[in-house]
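Peer 1: As a plain string of letters, each chain reads:
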Amino acid sequence: MLERCGDKSATRAAAAAAGVPVLPGTGAVTDGDARRAAGAIGFPLLIKAAAGGGGKGIHLVRSPDELERAMALARGEARAAFGDDRVYLERWLDAPRHVEVQVLAGSDGRTVHLGERACSVQRRHQKLIEEAPAPGLSSRQRGRLGDAAVAVAGAVGYRNAGTVEFLVDGDDVFFIEVNARIQVEHPVTELTTGIDLVAAQLRIAQGEPVQFAQDAVRGVGAAIECRISAEDPHNGFVPRVGVVDGAREPAGPGIRVDSGLWVGQAVSRHFDPLLSKVIAWAPTRAGAIDRMRRALAEYVISGVDTTIPFHFWALDRPEFLAGRYDVRFAEAWGKGPASEQATDIAMLAAAAWAYKGLETLRLPVDGASPVWVAAAREEGVR
Amino acid sequence: MTVRGVRFDVASRGAQRHLDVERRPDGLWVRPVSPEMSATHVALEPLEGTEWWRLTVNGTTVPVRLRRKDGGVHVILGAERLDVTVRRALPVPSRRSAAGAAGGHIEVRAPMPGLVIATPLSPGQPVEQGNTVAVVEAMKMQMEVPAPIAGRVEEVRVRAGQEVAGDQILVVIRVTPVAAT
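If you read the protein sequences in the order shown, they are chains A and B. Numbers in the working numbering are just positions in the first sequence, counted from 1, shifted up by 40. Numbers in the working numbering are just positions in the second sequence, counted from 1, shifted up by 937.
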């Protein structure tokens, strides 16, 4: 199964054969065929690793003269990352939305879908914020996505919990790939459907069919997930290594925190920088966003930079609030004018901090301390 | 004896403010010296064991990370990251200096316990507001202590190399009487 879905060009072909629209593209290509195939697809296009995943081995080619060099780079990366240097070409859409559908395919092959997730908030082709349901889709599009996902799972003979990924461009929906695993963003589907996906996956692995029918699946309310990674969002999201020397995690109604975080934890360069995930559910999308803002304001991680500032920004963007955002959303981060209000508040904080610093040096403070406390402090600062 | 208001020159992203910080019974108040901003109640509570603080400004609480950097403060606040420079400015005139403005004496006190590095002025010399009357070192930082008001140096009570306590009198200035208008 992993082999079949891991081979992206084979799943593309299977999906297309099942009548699911796919982006114009190729199967695995040789360097010799690439130029002619690229001409047929049109530019810009992407070169992707056939065995790829996680955004690795993907190269954007804007014009024919960039093709040869990009092919060599993509093959080298694919070989290094996946031990397989086969690559394929695919049409590139300028500003699509990334939408994916959760499926459960039982041991008997009967497959249900659990609705879609919007995953367009990305940097380096990796997701930062996901939500369910996907905002801004018509009910017709939602229906088509669900049907297409089940059709793809059937076409490749899928058995497991999995995700079928699509790009949505205006009214068009294109299949891109199957993720044959439980994904990082699965909690948003769990919170809206009430179905424990990990448990469902284990039951399938035990040889059971899916326990419920498609029309028993109901999405209730809205859920959003923010990925908290040890990265410096103000510095191109460069991963930050260090030691977590303090942490307080949020809680409260509708808040779930999936976390592997503890004080004293070393964040090393050997692992993915993802530290934890905050998921907020509420009856409405606006309510979930409010709860998420509150949870992020409670979240304290000391010792390493995190993506939390980015999330504050994202959750206040008009296009995010309106549910009209695409994969280029995060490009606007850090490019807008600085907030004057934040500058004012930061200056107040810095002055108050400096004052508190003086208070601890000057003696006695406030006249409130007993004399012996003041004497001890004076001793301490000598 | 209490810590009186302290004036800071604060700058970030090209904006500059003179901020008077004062502790009152209900907490810290920050008063911008410019008239367009009113006094702001500020609470800054540490989140123990972290570099983060809970900052409450006029009733709204936000987490803020404060870190010393290159003599300034590196701030993370919401979505924003910014560098703020904070320098102690002239002390807020107290009642004593208000009396001084009528032609009395002003005692210039050490801003913190430390080591006197220099006293550049001698008794009898004229001094402008803002002129350095002493340099005090503490925590490996040298701070120039400015004259809060113009006048003439009457006494220099400390000398270079001397340890001083916080609030110890360094220099006494006889204030130039304000001309009646």
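Rather than coming from a laboratory, the hints here were simulated on the basis of the structure. All figures in this text were calculated on a predicted structure; none of them were measured in a lab. Worth double-checking, as some hints may not be accurate.
[To be verified] Derived lysine to any residue pairs resembling SDA-like cross-links, with alpha carbons at most 20 Å apart:
1) A:396 x B:1094
2) A:396 x B:1060
3) B:1006 x A:353
4) A:375 x A:353
5) A:396 x B:1058
6) B:1006 x B:1022
Peer 1: State for each hint whether it applies.
Peer 2: A quick look at each hint next to the structure:
1. For the suggested pair residue 396 (chain A) and residue 1094 (chain B), the alpha carbons sit about 27 Å apart, so the restraint of at most 20 Å is broken.
2. A hinted pair counts as satisfied when its Cα atoms are at most 20 Å apart, and residue 396 (chain A) with residue 1060 (chain B) does not qualify at roughly 34 Å.
3. For the suggested pair residue 1006 (chain B) and residue 353 (chain A), the alpha carbons sit about 24 Å apart, so the restraint of at most 20 Å is broken.
4. At most 20 Å may separate the alpha-carbon atoms for a hinted pair to count; residue 375 (chain A) and residue 353 (chain A) meet this at roughly 11 Å.
5. Proposed proximity of residue 396 (chain A) and residue 1058 (chain B) is contradicted: the alpha carbons are some 30 Å apart, above 20 Å.
6. Between residue 1006 (chain B) and residue 1022 (chain B) the CA atoms are separated by roughly 9 Å; this keeps the pair inside 20 Å, and the hint holds.
Checked against the numbered hints listed earlier, the structure breaks hints 1, 2, 3, 5; every other hint is satisfied.
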